[in-house]
Amino acid sequence: MKNIKKAILLAFIGAGLMAPVQAEEVHAIICGGEIRPADQVVFDAFEAKYSGVKVNAEAVPWGTCQDKSMTLAAAGDPVGLAYIGSRTLKQLGRSGLIVPVDISDEMQALYQPGVLATVSDGGQFWGYPHAFSTKALFINCGLVEAAGEACVAPRTWEGLYNMAKAVNDNTSAAGIGLAARDFDNTMHQFLNYLYSNGGTVSNADTGEITFNSPETVETLAFIGKLAGVAQEGPSGYERSQLTQLYNDGQIGMYINGPWGGGQHNDNIAEIVVPVPAGPSGSSGTLLITDSMAVFKGSANEDLAMELAQMMTSGEAQYDLDMSWGLTPILQYEKMRDDVYYSTDYWQTFVEPIGRGGPEPMFEDFKALQAGINGAIQGIILGDGSAADLVAEASETLAEGL
Amino acid sequence: MMDKYSLLQKIGIYTSIALFITFMLLPFVEMFIASLRPLTHLFSRPEVPVGETMSFVDFMSRFWSDKMSFQAYRDMWVTVPQLPRYIFNSVFLATAVTFISLCFVIPAAYAYARFSFKGKSVSLTLFLAVNMFTGAVLLIPLYKLLRMYGLLNTYWAMIIPGVAFLIPQGIWLLKTFLEKIPYELEEAAFVDGASRLYTLRRVILPLAVPGLIVVGIAIFIGAYAQQFLFAITFNQNRDYMPLPAGIFEFIGYQTVLWNEMMAASLVGVLPVLFIFLFMQKHLIAGLTSGAVKE
Amino acid sequence: MSNLIQMFKPKTKAQTTTLFAWALIAPAALVMFWVVVWPLYETFRLSFTNSTLGTLMGGAEYVGWENYEKAIGGRKFPSIVTRTFYWMFLSVGLKVVLGLIGATLLASNIRGRGIFRALVMPPWIVPIAIGCFGWLWLYNGHFGLLSNFAEMAGITDGPYSFLAYKQSAFYSAVVTDVWIGTPMVTLFFLAAMQGVPRDLYEAAYVDGASRWYRFRRITMPQIMPTVISMALLSAIWTFNSFEIIWILTEGGPRGATTTLIIDTFKTAIFSYKFGAGATRAVLVCLLLGVFSLIYLTVLGWVGKKYGYAGVQK
Chain Z
1 MKNIKKAILL
11 AFIGAGLMAP
21 VQAEEVHAII
31 CGGEIRPADQ
41 VVFDAFEAKY
51 SGVKVNAEAV
61 PWGTCQDKSM
71 TLAAAGDPVG
81 LAYIGSRTLK
91 QLGRSGLIVP
101 VDISDEMQAL
111 YQPGVLATVS
121 DGGQFWGYPH
131 AFSTKALFIN
141 CGLVEAAGEA
151 CVAPRTWEGL
161 YNMAKAVNDN
171 TSAAGIGLAA
181 RDFDNTMHQF
191 LNYLYSNGGT
201 VSNADTGEIT
211 FNSPETVETL
221 AFIGKLAGVA
231 QEGPSGYERS
241 QLTQLYNDGQ
251 IGMYINGPWG
261 GGQHNDNIAE
271 IVVPVPAGPS
281 GSSGTLLITD
291 SMAVFKGSAN
301 EDLAMELAQM
311 MTSGEAQYDL
321 DMSWGLTPIL
331 QYEKMRDDVY
341 YSTDYWQTFV
351 EPIGRGGPEP
361 MFEDFKALQA
371 GINGAIQGII
381 LGDGSAADLV
391 AEASETLAEG
401 L
Chain E
1001 MMDKYSLLQK
1011 IGIYTSIALF
1021 ITFMLLPFVE
1031 MFIASLRPLT
1041 HLFSRPEVPV
1051 GETMSFVDFM
1061 SRFWSDKMSF
1071 QAYRDMWVTV
1081 PQLPRYIFNS
1091 VFLATAVTFI
1101 SLCFVIPAAY
1111 AYARFSFKGK
1121 SVSLTLFLAV
1131 NMFTGAVLLI
1141 PLYKLLRMYG
1151 LLNTYWAMII
1161 PGVAFLIPQG
1171 IWLLKTFLEK
1181 IPYELEEAAF
1191 VDGASRLYTL
1201 RRVILPLAVP
1211 GLIVVGIAIF
1221 IGAYAQQFLF
1231 AITFNQNRDY
1241 MPLPAGIFEF
1251 IGYQTVLWNE
1261 MMAASLVGVL
1271 PVLFIFLFMQ
1281 KHLIAGLTSG
1291 AVKE
Chain L
2001 MSNLIQMFKP
2011 KTKAQTTTLF
2021 AWALIAPAAL
2031 VMFWVVVWPL
2041 YETFRLSFTN
2051 STLGTLMGGA
2061 EYVGWENYEK
2071 AIGGRKFPSI
2081 VTRTFYWMFL
2091 SVGLKVVLGL
2101 IGATLLASNI
2111 RGRGIFRALV
2121 MPPWIVPIAI
2131 GCFGWLWLYN
2141 GHFGLLSNFA
2151 EMAGITDGPY
2161 SFLAYKQSAF
2171 YSAVVTDVWI
2181 GTPMVTLFFL
2191 AAMQGVPRDL
2201 YEAAYVDGAS
2211 RWYRFRRITM
2221 PQIMPTVISM
2231 ALLSAIWTFN
2241 SFEIIWILTE
2251 GGPRGATTTL
2261 IIDTFKTAIF
2271 SYKFGAGATR
2281 AVLVCLLLGV
2291 FSLIYLTVLG
2301 WVGKKYGYAG
2311 VQK
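Chains as they are written, first to last, in our numbering: chain Z, 1 to 401; chain E, 1001 to 1294; chain L, 2001 to 2313.
Only chain Z is shown next, with the shape it has when bound in the complex (with noise of 0.2 angstroms):
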């Protein structure tokens, strides 16, 4: 029934008409390849709450969905709100293409502390955070217990690369597995070692880029030292990759987000811990989100932006986080009786939620993950010292901010 009403939508537009979107719809955009049923269940409701006003939900690929809602806002066409990485929240801010989005007391108070971290800017929020994730340390007990070691949490950087060590000298496989791709999850590799160090990126309040410090220097030559008991050629891979590597056994343990455990191979006995701690600092993790933004200028922003709010909250919100498996976003424990993160697996990545810290902000996001990457992959390569790398990378951070 929807696709027929949603069919004769399009055939109108498709008719030629001047006006860009029909007046009583709201077209989203969401990411995958179908609708999720309990987002269905909400655009019903929605559609109960407004009659005469449709949901045209579309849903595009991963890969290509981020891409579509920003160009049909760049040519003047845009959806009325869309999934998006928070990442991009800055830079869509401030060329005025979303509007600020309201949040309640009450709802702030539910966010997990430091999730609205990543959709603020200016002393605004920008995006309703929809999608969150913290990481953690995966070991596999199989391999460290055949190269002599007890398969226990290291709790520093030194114990990191004792056992990574132990495992390459005795065993066929890499100690550790290492991303130095220029991908984004190599970025986020880096930082879940330079926030439990100490280090930061930017200051949020300030602007400045506080990058190019001791502690990045010691975090990025640590790096370095860990490609020595990496799996051969990090530049070549990304996290996906290790992932395959791990399932293989070829390495003996990586950094990845919750959904790793079902990622992995069920023969392979793991342990997950926390991020260890740097020699100046302690065990923090990085704080990831992707958002729903409500774009300005489309037919209907404010029923978009109650769409969007209605989307992010209540049982839609813990279906998607429970589906997904992703750390969860919002306090659940404060709604409901039972929640499903109540085991070890999961308390290893809500734990920490309180000592990590946001991807930074920034507008030019693309020159953030250029900078850091760089200095990755010359540090990596032999390019040049920890500090010359940093401060180079810092440069092309500056120009992003």
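These aren't lab readings, by the way, just hints derived from the structure by calculation. None of these values were measured; they are calculated from a predicted model. Cβ atoms here follow ideal geometry from the backbone N, Cα and C, with glycine treated the same way. Don't take each hint at face value.
Unchecked claim - Under the rule of at most 25 angstroms between Cα atoms (straight-line distance), these lysine-lysine pairs were calculated in the PhoX-like manner: (1) E:1118 x L:2011; (2) Z:68 x E:1118; (3) Z:68 x L:2273; (4) L:2011 x E:1120; (5) L:2076 x L:2273; (6) Z:225 x L:2166; (7) E:1118 x L:2013; (8) Z:49 x Z:68; (9) L:2076 x L:2011; (10) E:1281 x E:1004; (11) E:1144 x L:2166; (12) Z:296 x Z:49; (13) L:2013 x L:2273; (14) Z:296 x E:1144; (15) L:2076 x Z:296; (16) Z:54 x Z:296; (17) E:1120 x L:2273; (18) Z:225 x Z:165; (19) L:2266 x Z:68; (20) L:2266 x L:2166; (21) Z:68 x Z:296.
Stated by the list, open to error - A few chain Z residues that don't get close to chain L, going by computed Cβ distances all over 10 angstroms: (22) 47; (23) 75; (24) 92; (25) 95; (26) 120; (27) 224; (28) 271; (29) 391; (30) 398.
Keeping the supplied structure of chain Z fixed, place chains E and L upon it in accordance with the hints.
Below, chains E and L alone, put in the same frame as chain Z:
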């Protein structure tokens, strides 16, 4: 007699072809193997005990594992239910673009091949210059243009840009084939009182068949490849999506269903391959032999 | 009124020809004009602005030549341009050579040539991204066929990740690019070879000419126009070849595979800096235009030497 080869020559030719084809198909071997494995065992390194080097037997073990099955080929229809529709769309779009483009390309290529006229070089260079721009920068202005004409979310949204971007290379490539057809044949027709258009239709066209086939194939495959960008940007309607866009649906939030994606790609290539197999028979030697006796 | 028409009626044979020629070209030209010209103009205009995501619909300021100065003045620009041309020459050269070899092989009178011809096509037919994934896996250090093979044959000590090191990443990308482009080139050369009149070969054969002689003195000159055209077209595409490098290395490691188009995407298009992106697109067009001009001129001289069938009248 000219076409007979000695045994040594034959061996040489077959070996060389084998090498050539091996190079061409090597990645497909990997892709095929990947399509046969379950996701968690997608890749594996041959077992090599500590401190030893890989033996030939170890190496060959990478081609076979007991976990292989054709499961992915069954699952892919479930993961992406509209897959058959996407394949159909791809073939349909590419065919449409090819036929429409050829209507424009053939007369133009003939003109460039035969005549010298004012503005020839300039216009030819301009046509080619279109190819020098990468599609990405033109995407947004094109979007606005298509929106203005109300053509978004239709098959036309993908056909029109496709035609426009393939015409220049079609003209450029067909021109060289047409240039090689001896002018004496046309002159003979003129002497008999035929008009220019008649000559084009009845004399030139049949002789240009190898060139036409090849340019047609090139345009077809070009259209097949280009579809993706235009489909993603200009079309929202799932029913009209071509295969490359559909393949993206195997990419999940954190996992990519590589095995099914490869299975779908390999299956998607088959129709085009069959069409080509059928068409290449027209590339037979010596078309103009005997047509003109000096 | 009839005087007016008299003025426009073609008077000379040359004018009739011109008119007829343009009549044939007009449909194609019109389509191009209708679809492409405005986007191209927009791109050119945008290259002088500081247009970004928010200002695309209006509000972008004209910054004159600033974009161009920044692009050309960037400290990495010369090395990127050099690298791009090296990439292009190497890749196109290999494609042409392989194409000639392949076409000759596939033109020969052997059994099963139909199937062989079809088997050569898949790299071209399959979407570029998919083919590149295949190569990504081939180049993988731990799982890749090539690395495993090298290890078994004793060439390397352990896994070798082709895409992780600067030199090998570059040449690996070239190999993949050649792989993708060769089928089309082969096919076109094959078609051109099939169009060479058989009596030429027969005459030479009767005179005792060897195969190599026949290839050098008959085939090559006859297919030269196709080789030239195909090479130029391939050069233009290779110059702008983006997907292949991107999927394999994203321009890394440390910029070793960053060609002009990769740089354009990294600094402008992905950051939605439309002004800067347009500038680079124009620069690419200029570079390619100059190259084409030189290429065609040089070959014009060479062509006169060989003297092949060409334009009549």
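- Item | Whether residue 92 of chain Z stays farther than 10 angstroms from all C-beta atoms of chain L, as the label says | Its Cβ does come within 10 angstroms of chain L, the nearest being 7 angstroms, so this is violated.
- Query: Are the Cα positions of residue 2076 of chain L and residue 2011 of chain L separated by 25 angstroms at most?
  - Reply: Not OK: residue 2076 of chain L and residue 2011 of chain L at ~57 angstroms, beyond 25 angstroms, violated.
- Is the Cα-Cα distance between residue 1118 of chain E and residue 2013 of chain L 25 angstroms or less? 13 angstroms, holds
- Query: Once the closest CB in chain L is found, is it more than 10 angstroms from residue 391 of chain Z?
  - Reply: 15 angstroms, holds
- Message: Please verify whether residue 2013 of chain L and residue 2273 of chain L have alpha carbons no more than 25 angstroms apart.
- Response: Distance ~52 angstroms between residue 2013 of chain L and residue 2273 of chain L Cα, so the pair is violated.
- Query: Does the no-contact call for residue 120 of chain Z survive, Cβ to all of chain L over 10 angstroms?
  - Reply: 19 angstroms, holds
- Message: Just to be careful, I want the Cα atoms of residue 68 of chain Z and residue 2273 of chain L compared with a cutoff of 25 angstroms; is the pair within it?
- Response: Holds, at roughly 16 angstroms.
- Item | residue 2011 of chain L paired with residue 1120 of chain E [C-alpha distance capped at 25 angstroms] | The given pair, whose Cα atoms are some 20 angstroms apart, holds under the 25 angstroms limit.
- Message: Just to be careful, I want the Cα atoms of residue 2076 of chain L and residue 296 of chain Z compared with a cutoff of 25 angstroms; is the pair within it?
- Response: Roughly 38 angstroms separates the two Cα atoms, so the pair is violated.
- Query: Taken at face value, is the distance from the CA of residue 68 of chain Z to the CA of residue 49 of chain Z at most 25 angstroms?
  - Reply: 29 angstroms, violated
- Message: Does residue 2166 of chain L sit within 25 angstroms of residue 1144 of chain E, going by the straight-line distance between their CA atoms?
- Response: 41 angstroms, violated
- Assess, step by step, whether the Cα of residue 1118 of chain E is no farther than 25 angstroms from the Cα of residue 2011 of chain L, and give holds or violated. 15 angstroms, holds
Of the numbered hints stated above, those contradicted by the structure are hints 2, 8, 9, 11, 13, 15, 17, 23, 24 and 25, listed in ascending order.
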